Each structure stands twice: as structure tokens, then as C-alpha cells.
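So you can see what is in the structure, the chains are spelled out below.
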Amino acid sequence: MSNAVTAPRAKVEEKLFQNRYLVDAGRPHIKVRPHDVPSASLLAMITLCPAGCYTTTESGQVEVAADGCLECGTCRIVTRKTGEIEWNYPRGGFGVLYKFG
Amino acid sequence: MIEEKFDAIVVGAGPSGNAAAYTMAREGLNVLQIERGEYSGSKNVQGAILYADALEKIIPDFREDAPLERHVIEQRMWMMDDKSHTGAHYRSEDFNEEKPNRYTILRAQFDKWFSSKVREAGALVLFETTVTELVKDLSGQVIGVRTDRQGSPIMANVVILAEGVNGLVGQRSGLRDEVSPDSVALAVKEMHFLPRETIEARFNLTGNEGVVIEAMGTITRGMTGTGFLYTNEESISVGIGCIVSDFAESDVTPNELLEAFKNHPSIKPLLAGSECKEYAAHLIPEGGYRAIPRLTGPGWIVVGDAGQFVNAVHREGSNLAMTTGRVAAETVVALTRKREPMTAAALKDYEKRLEQTFVMKDLKKYQGIPALLHARKGAFFGAYPRLVSQAMQTWFRVDGTDKKSKEQAIYRNFRETRTLWGMLGDAFNLVRAWR
Ligand SMILES: Cc1cc2nc3c(=O)[nH]c(=O)nc-3n(C[C@H](O)[C@H](O)[C@H](O)COP(=O)(O)OP(=O)(O)OC[C@H]3O[C@@H](n4cnc5c(N)ncnc54)[C@H](O)[C@@H]3O)c2cc1C
Ligand code: SF4
Chain A
1 MSNAVTAPRA KVEEKLFQNR YLVDAGRPHI KVRPHDVPSA SLLAMITLCP AGCYTTTESG
61 QVEVAADGCL ECGTCRIVTR KTGEIEWNYP RGGFGVLYKF G
Chain B
1 MIEEKFDAIV VGAGPSGNAA AYTMAREGLN VLQIERGEYS GSKNVQGAIL YADALEKIIP
61 DFREDAPLER HVIEQRMWMM DDKSHTGAHY RSEDFNEEKP NRYTILRAQF DKWFSSKVRE
121 AGALVLFETT VTELVKDLSG QVIGVRTDRQ GSPIMANVVI LAEGVNGLVG QRSGLRDEVS
181 PDSVALAVKE MHFLPRETIE ARFNLTGNEG VVIEAMGTIT RGMTGTGFLY TNEESISVGI
241 GCIVSDFAES DVTPNELLEA FKNHPSIKPL LAGSECKEYA AHLIPEGGYR AIPRLTGPGW
301 IVVGDAGQFV NAVHREGSNL AMTTGRVAAE TVVALTRKRE PMTAAALKDY EKRLEQTFVM
361 KDLKKYQGIP ALLHARKGAF FGAYPRLVSQ AMQTWFRVDG TDKKSKEQAI YRNFRETRTL
421 WGMLGDAFNL VRAWR
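Going down the list, the protein sequences come from chains A and B. All the letters of the first sequence, read from the start, carry residue numbers 1 to 101 under UniProt numbering. All the letters of the second sequence, read from the start, carry residue numbers 1 to 435 under UniProt numbering.
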């Protein structure tokens, strides 16, 4: 296809540094339930999460690190049938804090 | 802890919740609004175009102190392929009117302003508090909410759910199903800062005039979606969004898609030299009329994005949110004045009132469009934009070929890509869905 990404890739991690967060240390609002083999939906989150919160471990499980989460809810909706993710809003006042939105 | 019983509790302080809380408080109702963010707007993302009419019906003199960026005098619609755009631009001096019709805004700042009006009108607003569930009595009537703050539930005659697209409270209380990945879009957006003189020179603007660009085409790589670029006072909002189920099947990340859009030769010079100060992501309900869930029940009403009130074809959402919030509030005010209980039957009046507004009329009019665009996404977001670009190029490039041969080449190109019947079918379906 001619429309491959030719753009210089600004890393998503670097973009998240621009944002303001109040991290609720030790109380992640998203958890991946223990699993052996992730479903296709859960695996899709590795590219789909706009904040790049999902990664795979060496043994093939999917992990989440939600500190940079933008609280869009995409992972919750995509895995709604598999139930592999436990998703809640951060406690009131915590999480992302948009200055402009 | 809060002991008193409220006339109404509003969950969420986006445009729908603020419209509802303001309207009820101004009419003297005892209103509690609960918002999980540090302030109204801290969790909210929009393009953002504000449609004055919906707000004017709530706060007629909002122009006096609302944080407005620019009033829109020019609309550009672009069909893009990888290297080009074919555009329709509409610019008119008529939009430089005394009370402009559309403005660009920054949601975090706009919502904060709206929220200050809600408090001035007399509502009590609790921030940094997440509603976790609805409290029901034995008959199933909703009588209050529980929050993530300690203490007993807070009671009210009616709960207005203005909780946005994710709508966890309503879903977890069994009022509606989970949102489906093919009826929401995921949008990512950045804020790019530039001196205002640069923006004005680049877009041919004076004073507070503004330009907005809506774009579709190969920028979404065959996925159902659109891109946008809006001018603010000293910044440019740029973003792109696609239906979640399409994104889930593709291996491009939202960030990569946005980077490619920003680096498109038609967009890049508009952003040159800017400094990015925020990266945001948010869902947009795009299922239209057919995705609207149950809107009322005993002691509860749904407004705004939680009710899927977005007209994706016209990129309108916040105005539907404010209008549904206002109409729900007017329903509750009328019932409260008559001292009628907030039964399911009584609250149905909200749905009847909505039928009379542009909200339901527009959503009904376009009810076939989301499914059609989605089913034919390869054509609408790939083949057609490419064909249009190639046709334009053939037509405008002067290379010694006669015009008749050029016409034939363009026609052949269309025929080879899509059968004539296929194209006619798409055109027919689109027109039919539009009417
Ligand atoms: C990228 C993008 C561009 C858009 N562009 C436009 C545009 O140009 N013009 C337009 O009119 N519309 C646009 N929209 C749509 C518009 O933003 C929405 O339709 C509108 O914000 C809906 O308002 P709302 O009040 O229903 O929901 P929201 O604005 O999402 O507000 C919901 C509020 O509820 C709070 N909340 C949620 N759950 C809880 C809970 N359990 N407890 C307490 N608080 C809670 C949230 O923190 C939030 O403040 C756009 C949307 C996006 C994502
Ligand atoms: S809510 Fe959105 S940003 Fe947060 S982890 Fe899920 S997909 Fe990523």
C-alpha cells in the first residue's frame, strides 16, 4: 500500500509528558485479570490504546501500566465480552487533568 | 455527610450535565451535581466547535463572559488522498455577524466557565467525586446515588445521568447495554500553539475570525473516520478519529494515524513551527438514532453522550448534549412544580419533548448513514478519495493530451476501480440515507 507511515514517529510516551496527571499511587484503576493466553481483543489493545498502556510479557501475557491512561474507555469496550479487564474510573480527582481538552 | 434530600442529582459536569443543572437551579430546584474531575472540563475532550444556538437557549448572554476562541467564518471540507486534497471551501462575511453562529472553544476552559454559572444559579457541585452506583428502593425506583466518598448514599427525587459516552453508572445499574465497538469512534487530538499573528496570516484571518477544516479520505486508511483542524485564538486543534472496531482490526496505532495526518503535505505547513502542549483521547458515540438506549425509567433520565446523542454526519455533539440536558431539566421542573412523583410514565414526557426538537429529527433523518459508511468503508475512505484526486490531477495537468481523451481516461479509471453498478449503488444508498 502506498499509504504506509512515512512520518517521523513522535513517540507516544513523549507526548504523554506534555499532559498533567495526578497518579493514585498503588491504586491502578485498570487491571488485566490473570490469564495464560490473551484473547484477540486483549492483544489488539497493544496497538489500539492511544496512550500505549498495554504491552506483552516475554511469556505472551498482556500487561497494563495505566499511569499514562487518557481514560478514553476503549480497552473496556473492546474487551467487554471477554471480561479480561477490570476497569474503573480513577478515584475522584485522580488521573488525567486536561488543561485544554 | 449530606443528609438532605435533593430535588435532583446530576451525574457529570460536561455540557449536558451543566445545561441540566443550570436550568433546574435557575428555576429554584434544589440541585446537587457530582463530577469526578478536579474541575468541570478536566476530563473532557472536544474538537471543538460550539454551536451558539443551543447555548443561547440556556444562557442568552453567554457571549459576554464565556471563554470563546474564534468565531467561524470559513468552513473547509477536504477529501484527501496520500498527497492531495480536493476541497470545498465556504467563507462568508455574513458570519462576521453581531451574534456569530459557531465558535471554536477549548473544552477544559469552557466547561469551567459553564460550571461557574451552574454554581451562581444555586446548584451545589461536588468535584473529585465519582458516582459508583444508583440506589433503588424495593420497587426499583431510583432514589439516590452512592459515591466513592465514604458515607451513606445521597438521596434525590430524580437522577439525571449526564455521565458521557462510557456511561458506567447506567450500564452497571442495568439501565442499558454496554456500548458496542462498532458504534463508537476513538479520537486522538493535539493542541498546537502558535502566535496569533501567525495563525491569522496562515489562514487569512483578522481579529477573532476562525477557520475549521473537516477531512476524510485515505488519511483513515480505509477505516470509517474523519480528521479535523480548527483554529483557536493562539493555538490549533488537530485530531483524527475512527470507529473502534475498525481500529481494532488494523495494526496502525491512533498515535501513528495522527502523526501521518499532521505530516500530510496539505496539513504540515499549517502546523509548521508550532509547539504541542497536550495529547488527548476520547470516544465519540457514532451509532446514531439506532444506537440510542432507553432514555427514562423510574427516577432516572439519560442526557448527552450517555444517550448516544451525537450527529456524526454534521460533527455535532455538544449542542445535542446541551439541548437534551435542558429538555430533561424542563421536564423535571414541570413535574416538581406539579408535585408529581418521578415515575417512569411521568418522565416519558422528556422523550415526547425531545421528539419536537432538532435532536430527534436530525438523528432520525440520518439513521441509515452510520451503517452505510461502515459497510462501504473501503470505497468511501479509500477508493473514492483516490479516484477524485486522480481525476483532478488528470484534469488540471496540462500535458498535450486533449480534453476528450482526458475525460475518457478519468471515466476508465473510475470504471476499473468500481463497477458502474457498484458506484451507482453507493450513490443511491447515500442519497437515500441522507434524505
Ligand atoms: C475529538 C472530539 C471532537 C468533537 N468535536 C465536536 C465539535 O466540534 N462540536 C460538537 O458539538 N461536539 C463535538 N464532539 C462531541 C462532544 O464533545 C460531546 O458530544 C459532548 O462533550 C457530550 O457532552 P456530555 O456532557 O454528554 O458528556 P461529557 O462531555 O463526556 O461529560 C461527562 C462528564 O461526566 C463526568 N462523569 C462521568 N462519569 C462520572 C461518574 N460516575 N461520576 C461523576 N462524574 C462522572 C465526566 O468526568 C465528564 O465531566 C467531539 C468529541 C470528541 C471526542
Ligand atoms: S482507557 Fe484508553 S488510554 Fe486508558 S488504558 Fe484503556 S485504551 Fe488506554
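Just so you know, these hints were derived from the structure itself, not from any lab. Source: prediction; values computed, not measured. Mixed in with the good hints there might be a few duds.
Below 27 angstroms or equal to it, Euclidean Cα-Cα: the simulated BS3-like pairs (lysine-lysine) are [unchecked claim]: (1) B:277 with A:11; (2) B:377 with A:99; (3) B:361 with A:81; (4) B:338 with B:364; (5) A:11 with B:361.
Where chain B lies over chain A, by a calculated footprint (3+ residues, C-beta under 8 angstroms) [what the hints assert, rightly or not]: (6) 16-26; (7) 36-47; (8) 54-65; (9) 93-99.
Ideal Cβ placement from N, Cα and C applies to all residues, glycine included.
Quick rundown of the hints versus the structure:
Taking the CA atoms of residue 277 (chain B) and residue 11 (chain A), the gap is near 14 angstroms; set against the 27 angstroms cutoff, the hint holds. A distance of roughly 35 angstroms separates the Cα atoms of residue 377 (chain B) and residue 99 (chain A); the hinted pair therefore is violated under the 27 angstroms criterion. The hinted pair formed by residue 361 (chain B) and residue 81 (chain A) fails the criterion: a straight-line CA distance of about 33 angstroms is larger than 27 angstroms. At most 27 angstroms may separate the alpha-carbon atoms for a hinted pair to count; residue 338 (chain B) and residue 364 (chain B) exceed this at roughly 32 angstroms.
With a CA separation close to 43 angstroms, the supplied pair residue 11 (chain A) and residue 361 (chain B) exceeds the 27 angstroms bound. Coverage of a stretch by a chain is defined here by at least three residues with a beta carbon nearer than 8 angstroms to that chain's beta carbons; for the region 16-26 of chain A and chain B the count is 4, and the condition holds. Closer than 8 angstroms: that is the beta-carbon criterion, and the region 36-47 of chain A has 3 residues meeting it against chain B, so the requirement of 3 holds. Residues of the region 54-65 of chain A lying with their CB closer than 8 angstroms to a CB of chain B number 0, which falls below the three-residue condition for coverage.
Check on the region 93-99 of chain A: 6 of its residues sit with their Cβ under 8 angstroms from a Cβ of chain B, so the three-residue criterion for coverage holds.
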